Amino acid sequence: MKDSIHLVNNESGYATNVFADKESQMVQVCDHLEKLGFLPKELVKNEVSWFYSNLNIDDYYFALESVETISNHIMALYGAKILAYTKNENVLNINLQKEAEDAAVYIHSSVPGVSQIHGPQHEKNIDEKFLDISTPSEAYRVESYRSSSNGGGLTSQIRSYFVTKCEFENMTPTAEQETDIKQVGDKSFLKKATEHTLKVYEEVMQSVLQRTGPVIEMYQVKGSRERRLVIGYRQRSTKGFFSAISDLYHYYDLYSTRKYVEQFSNGVTIIGLYLHPLPNSKSAPIEHTIYQVMKETSLLYCLPKTPLQQYFQTNKLSVQEMVYGYVGWIFAQHFLNRLGKEYLSLTSILDRANPVHEEVLSKLKKRLRQDTFTREYILDIMKRYPELIKILYANFATVHYVNQREATLEPTISYQRLTNIEMLSVDDISKKIKSMTSNAHEQIVFESFLTFNTHVLKTNFYQSTKVALSFRMDPSFLPDIEYPNPLYGMFLVVGSEFRGFHLRFGDVARGGIRIIRSRNREAYSINLRTLFDENYNLAATQQRKNKDIPEGGSKGTILLDIDQQDKPLVAFEKYVDSILDLLIDGETIGIKDKLVDLTKKPEILFFGPDEGTAEYMDWASQHARRRGATFWKAFTTGKSQSLGGIPHDLYGMTTRSVHQYVLGIYRTFGLKEEECTKLQTGGPDGDLGSNEIKISKDKTIAIVDGSGVLYDSEGINRDELSRLANHRLMISNFDTSKLSKSGFRILVDEDNITLPDGTLVENGLQFRNTFHTNPLAQATVFVPCGGRPESVGLDNVQSLMAKGDGAPLFKYIVEGANLFFTQEARLRLEKVGIVIFKDASANKGGVTSSSLEVLAALAFKDDEFGELMCVKNGVVPQFYESYVKEVQNIIEHNAAIEFEALWREYKRTNTPISILSDELSNAIVQLQEQLQSSGLWDNVALRTTVLKRAFPKLLLEKLGLETLLERVPESYVKAIFGAYLASQFVYKYGPHPDNFAFFEFMRENF
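In the numbering used here, the protein residues as written are 1 to 1006.
There could be a bad hint or two in this list.
[As the list claims (entries may be wrong)] With a straight-line Cα cutoff of 27 Å, these simulated BS3-like cross-link-like pairs (lysine-lysine) come out:
1. Lys974 - Lys953
2. Lys81 - Lys22
3. Lys41 - Lys22
4. Lys129 - Lys191
5. Lys98 - Lys129
6. Lys239 - Lys124
7. Lys165 - Lys305
8. Lys953 - Lys885
9. Lys672 - Lys697
10. Lys22 - Lys187
11. Lys434 - Lys316
12. Lys741 - Lys697
13. Lys22 - Lys192
14. Lys98 - Lys192
15. Lys124 - Lys192
16. Lys22 - Lys165
17. Lys305 - Lys124
18. Lys165 - Lys191
19. Lys316 - Lys431
20. Lys81 - Lys45
21. Lys672 - Lys831
22. Lys872 - Lys861
23. Lys81 - Lys98
24. Lys974 - Lys948
25. Lys948 - Lys885
26. Lys885 - Lys988
27. Lys98 - Lys191
28. Lys199 - Lys222
29. Lys98 - Lys124
30. Lys383 - Lys239
31. Lys831 - Lys811
32. Lys699 - Lys741
33. Lys672 - Lys694
34. Lys601 - Lys974
35. Lys35 - Lys98
36. Lys831 - Lys907
37. Lys316 - Lys239
38. Lys948 - Lys988
Calculated from the structure, these hints are not laboratory results.
Computed from a predicted model, the values in this text were never measured in an experiment.
Go ahead and model the full structure; you've got the sequences and the hints to work with.
In structure tokens form, the structure reads like this:
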């Protein structure tokens, strides 16, 4: 947003609507009313004249409506006048409306400055029916006028809305045309708008096309108290915005005389508002008030609807207080201390190192959170104490509202609400919470708000260009008893379509961004309760998985709201942009608002692809570049080849690691791959699933994916599977004529299907969700390549163990999908002789590829990177091709040596592999950190020797070690040094070497 004020002449900005046939239409209306006979004949002419003249209804109405409709409205008003007279009222209550497929008209009585909540909610209806569109082809424009009325002793003000379907000059503009308003505008708008308006709107439109968030401009009319607000934003990026803005300016004692909503075929919406202060308003000067409306518009753009909306519409909470309360509600849902003393006592009694106890505690924690403090219960408590929300917001604002902290001269109406509230310390607020609340539960809820306040390190809450709210949190409030491995960094992101987190275990950390969808409301409730724990566990797994690379572990999650399941891209873009708000020092587009940064140090995050986001990495990288981020080349991995990315799916990077464990099993146990049967979850449409099909030669008997279950005891046709994998299609596209007599395909939406063996499948979805525990799934090897976390836990692990014939469902398991098994489930399987390699070991190929992709981005200058690492017009640079092969070789080598190390340690100690995997990972991570700060780094000769082995050979050959050390940040090089030494040592000597092992390792190798 540009906080600039422009001085303009007092002109409307639009040509006045003039209906040339108005007089003749009046005559036709009179004739029609006389024929109907409902009005006394002698009153018809007076009533028609009053309607046409005294109400000051805009000519647009008369041009749009038929004689019959106008007659009906006049009769309705006549009835309303009689009713008002009998009630001895001097205000006429008018409410006329007509809706058609391509147009709508609404006319109603309106008191200036009164929120729509007190009258007909036409604006909300207009939002839902006409403005919250999916594509420009569905677009409507809106004109709205306020006029005074005076007639027959009755006074009222009339508000009218005219909604018409857009007819664009150019429905499909080219890239060059989309910035030209005369190419992308609606024909009616282009005829009516003045040259000044066209110029203003075109400038706003061009600014909108350059960024993700809203653009807001204000124009001051010479010699008038009128202010014109022009707001531009991308279509589909917010909902309910038009009506929410009305609530906002009403809150600040403003009213509008005219309002326009213009749509453009390039995907931009522009709202024009003509605002005036209410007569005798006691609010602040209009310069301050309008500035505040501009600032708060971006908050409403981010969150146009919240469960606290009514408190804002009735002046009990300001916009900031309402939005703050909503964010606090979300924080409380995830983090308020609700487990109680009994849970803490139980944790001290039980052995947390015992996986059985750990899983029982984990399930108990989920149950306590679910049953005690529901979302509805927390919200109900909040609604009882709006005054506490105001006090807590004031505490939040004193820290993060820059203007107040710096005592600048800039008008700060944001703080006018705070002037009437006593500024309290954290201790005083805590006492206030105890004195104002009536029970322990209420106290816990509001104490969680205080916890939120005291742990926000920086936020974009007060930035005008934001598209979602982001908060960099100090994660130290997380209880050690629940989260034993401390996080380094934590982000909370809240948008109108989603909520999300980003968690990391180190300053330099890497991990994917995952979008979580929900099939129904029950699934959404489950996903909501487990969101943070799932994110934490994924990041912790990533930390163990990243042992071979310089970066620590991180993960991001985006949970789509239940009614926004079709908005993954919108949610991802807002998530990324709002986090960039907190990472970028400067802004290349528009004016960047200052923010309070209590971290007092720059931060860089590295994002990668995960479930649902693989195709978004290009956009994120280029968006970071547009935002002026110096780290844009390294910001995302898994980008397309044209941007120098190494797509994991194209080159099977994750699969190359997973499959090395499958091959290791075949090699260790003397099995022939072609003779082994396999179950695979995660289908041919996914990265891991498709490449596992392509790279393997086994007899796959079953595949489970999002669409259902595909099964053939004689082995699924490999050619048809390969076709699906090559085209990334679900098994719903499988040609079932290529199944044997024992084969079948059951889709999730199919019910009451009889299998070839006579078994009845009553519910296809339930069959899909539990097939990995079905006796039909029995196979030599199980390779989960997809599926929800904890698909196998204490509740169903017994189904995989030995049956009556003594044979388990699977002999060998390689966990490609993250967290598919709980740790206790893994240990129970190992106890009965099943060999299982867990995710943190098997699924590490993708992160290695991403790390080496970033290293190349850091090593090359922009022009070198473009020449050597970017595929242009289908031409793959020789260096790129060779570098990809080196990356694949490194992945396979690291997977193979870890497999051998795990198997060797297992044979030597008989410790379960699932425990050894963690011990190996933790040993490498800890040693890596120690080595970076040890004196070994200062030994130049040793450092040179290690780095020459650790850097990819191709980079060394192309640039030389000296150049690499100049270009790659020292902290990153130190991490490479530590990761290489630590991993090579632990893989050779195990997680618990003797005291002289490292000395021996260094003497033999360096």
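For each hint, the structure was consulted:
1. Lys974 - Lys953: This hinted pair holds, its Cα atoms lying about 18 Å apart.
2. Lys81 - Lys22: holds (24 Å)
3. Lys41 - Lys22: Holds, at roughly 21 Å.
4. Lys129 - Lys191: holds (25 Å)
5. Lys98 - Lys129: holds (13 Å)
6. Lys239 - Lys124: Roughly 10 Å between the alpha carbons, so the hint for Lys239 and Lys124 holds.
7. Lys165 - Lys305: Given pair Lys165, Lys305 holds - Cα atoms ~26 Å apart, limit 27 Å.
8. Lys953 - Lys885: holds (12 Å)
9. Lys672 - Lys697: holds (10 Å)
10. Lys22 - Lys187: Measuring from Cα to Cα gives roughly 23 Å; hence the hint holds.
11. Lys434 - Lys316: Judged against 27 Å, a Cα distance of about 22 Å means the pair holds.
12. Lys741 - Lys697: holds (22 Å)
13. Lys22 - Lys192: holds (19 Å)
14. Lys98 - Lys192: holds (24 Å)
15. Lys124 - Lys192: Given pair Lys124, Lys192 holds - Cα atoms ~26 Å apart, limit 27 Å.
16. Lys22 - Lys165: Within the cut-off at roughly 23 Å; holds.
17. Lys305 - Lys124: holds (11 Å)
18. Lys165 - Lys191: holds (15 Å)
19. Lys316 - Lys431: holds (23 Å)
20. Lys81 - Lys45: Between Lys81 and Lys45 the Cα gap is close to 16 Å, so the pair holds against 27 Å.
21. Lys672 - Lys831: With a Cα-Cα distance of about 25 Å, the restraint between Lys672 and Lys831 holds, given a limit of 27 Å.
22. Lys872 - Lys861: holds (17 Å)
23. Lys81 - Lys98: holds (20 Å)
24. Lys974 - Lys948: With a Cα-Cα distance of about 13 Å, the restraint between Lys974 and Lys948 holds, given a limit of 27 Å.
25. Lys948 - Lys885: holds (19 Å)
26. Lys885 - Lys988: Cα-Cα ~25 Å, so holds.
27. Lys98 - Lys191: holds (25 Å)
28. Lys199 - Lys222: holds (18 Å)
29. Lys98 - Lys124: The hint holds at about 15 Å.
30. Lys383 - Lys239: holds (24 Å)
31. Lys831 - Lys811: The given pair, whose Cα atoms are some 12 Å apart, holds under the 27 Å limit.
32. Lys699 - Lys741: holds (16 Å)
33. Lys672 - Lys694: holds (17 Å)
34. Lys601 - Lys974: It holds: about 19 Å lies between the C-alpha atoms, which stays within 27 Å.
35. Lys35 - Lys98: Holds: Lys35 and Lys98 sit about 22 Å apart, inside 27 Å.
36. Lys831 - Lys907: It holds: about 14 Å lies between the C-alpha atoms, which stays within 27 Å.
37. Lys316 - Lys239: holds (23 Å)
38. Lys948 - Lys988: Distance of about 20 Å is within 27 Å: holds.
The structure meets every hint from the earlier list without exception.
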